[in-house]
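Assemble chain B onto chain A, guided by the hints.
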Amino acid sequence: MNFAESFKIALDAIWVNKMRSLLTMLGIIIGISSVIAVVALGSGSEAVIGQEFESFGVNRLFVTTSYSEEITSRDRLNHADVDAIERSFPEVIKAMTISVSGSGQIKGRQNQDPISVSLNGVNERYNSIEDIKLLHGRFLVEADIKAKRAVAVVDASLATELFGRTDVVGERLTITSRSSMSYIIAGVYEAPMTSFSNIPGFEMPKTVHVPYTLLERLYGIGDRVNGVEINLVMEADQKAVVEDIKALLERRHDNIGQEKYMVFSAEEQLETVNRVLGLLTTVIGAIAAISLIVGGIGVMNIMLVSVTERTREIGIRKALGAKRKDILMQFLVEAVIVALIGGVIGTVLGIAFSFGIAWVIKIPPSTSLGTILLAWLFSAGVGVFFGIYPANKAAKLDPIEALRYE
Amino acid sequence: MIDIQGLTKIYDTGSIQVEALRSVDFHVEEGDFVAIIGASGSGKSTLMNILGCLDRPTRGRYVLDGVDVSSLSDPQLAVIRNQKIGFVFQSFNLLARVNAIKNVELPLIYGRVHKAERHQRAMEALDRVGLSDRIDHKPNELSGGQKQRVAIARALVTQPAIILADEPTGNLDSHSTEEIMQIFKRLNDEGVTMIIVTHEHEIADNAKRIVTFKDGAIVTDDRKTGISERYWPEEMAAGADSEVVVNSAAKGSAEALLVPEAPSGEVTQ
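Protein chains in written order, with this note's numbering: chain A, 603 to 1008; chain B, 320 to 588.
So here's chain A without its partners, still in its complex pose (with noise of 0.2 angstroms):
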């Protein structure tokens, strides 16, 4: 008997006892589809937050003392040792500033909740740190930083929520961080898309960019700097540069090798989320395949009930001249076929839910072609595993006791 037939008759018997082959296959879809939703949402998030990073500049450095409590007055940086690094590594610093950062609020319109916003101190190179896309007006200017101005840069979601428009420029605002003081609006830059901003009842405060040297006065900070944000050239290699910069702070505090400095790496953050992102993916993963166990087992037990059933059919398919291997075929495939099509149905109910949820959490899903052939050979490979002990079982059969069997 050649596959052709065998996947006839497989079809057959399945299409007998319908609501039983759809309830064996019950297993296989569940395991399937959460797998392939679980796969879509971990590679969407993963490309979203890749993108974020893009925006937020995948060659950025953030310097800073560490947190540890044995920081003396002696190893904190200062403005000198912020120059030191620009004139240090100038070929691979495409841009720096201190950076010093603070939250204050602005009063609502017409009575309404004050609106919480966070102060970044930043000079006029920040734009080339951060992709800051201006709707109205300019950015920081060296002037600005240098004369101390009370100007902004603000989002345009806030200005919105402010003034009920966008173009604002020149406008004033009152922001109070530990006292109130009055900006004039220079810019309005495009309100970044993140992946939290679409959760719904989760708000991001609002970032509103001024010059560091006002906040260093407003706060009292004098010379001591808490962090300087570092964007390098494409080609730099951000390990050594990082350690390089670590070295040279060191030796500046005469602090060598006490860990007193950190400098995060983007692109280690990055891997950092992406890692964990990719165990999340992994367990929930995991979970599935459990499931998808289960629903072999489910078509184990099938197979072996049909087998009994179909004992005298094995019987007689046995005397007109079937062969071991045509009885083992013949199961098989039916096995297959269950687990397969239960992979189908898996696979496009589990683009469905990926769809469904990304709609929710607005990620877009990517199931690769990948992922699917991947997931129906699995399924084709649990019905394999799980069929090829009923299929034997009926292979093995005693024609004489099969015929005779009632």
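It is possible that part of the hints are untrue.
[Stated by the list, open to error] Some chain B residues close to chain A (C-beta under 10 angstroms, calculated; not the full set):
id: 1; residue: 402
id: 2; residue: 412
id: 3; residue: 428
These are calculated hints, taken from the structure and not from any lab test.
Virtual Cβ for every residue (Gly too), placed ideally from N, Cα, C.
Positioned in the frame of chain A, the structure of chain B alone reads:
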């Protein structure tokens, strides 16, 4: 066509050994029509299974159509079953899910016959049993007699060396029984070698030759001369009390039980 020598079958059930066939010698010529008769447990079913290559003898030689099948492997036996033997069973043993023609095609599928040829040969076989108008009917849409005719067509379709019918009329009414026996006779007239296992003498009487089994051995082997039940004592037909009769027959006093004008054994037509 069939040449069996010293055929012995022992069922080993662990503690006890049952000798189902005791060194049976049995020959069937091409074109013959043999009825094997005997009570249940007489060994006739065991012989049938071995003749049908569903089972192997413990000892002895079985040559079917020139092939010594006593020592063949399972797959080889499957091929022999497929090509040289046509089975007709008491309970028809048709596949319930498929229609008449597909049932008839089944042995050809295992014989790897091409689809178009398969269909044509199945049509011809159904025609030979007079069912060409029922090819699309499923078994549950056919009468008992029709089902058995489909089964006969299925047995015929591979043009086997022999047709083995195991109680072929056991589940049929008298009308269908007559119908089936007429088909068997006609097929035999057309040259098909037939072996029927039965416990009914009326059925056996349709054969050209009647072989009686008792305790795993052939006790009588007669060419039929056209006589009927008189030939067979009532006790024999009843089965349960047959022991007395056959014992005496086995002791060589069979003649005493037979009518004088019909001596046993060497009688030919």
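Hints versus structure:
Among the interface hints, the one on residue 402 (chain B) holds; its C-beta lies about 7 angstroms from the nearest C-beta in chain A, closer than the 10 angstroms criterion. The restraint placing residue 412 (chain B) at the interface with chain A holds, with a minimum CB-CB distance near 5 angstroms, inside the 10 angstroms limit. The interface hint given for residue 428 (chain B) is met, as the beta carbon of that residue sits about 5 angstroms from the closest beta carbon of chain A, less than 10 angstroms.
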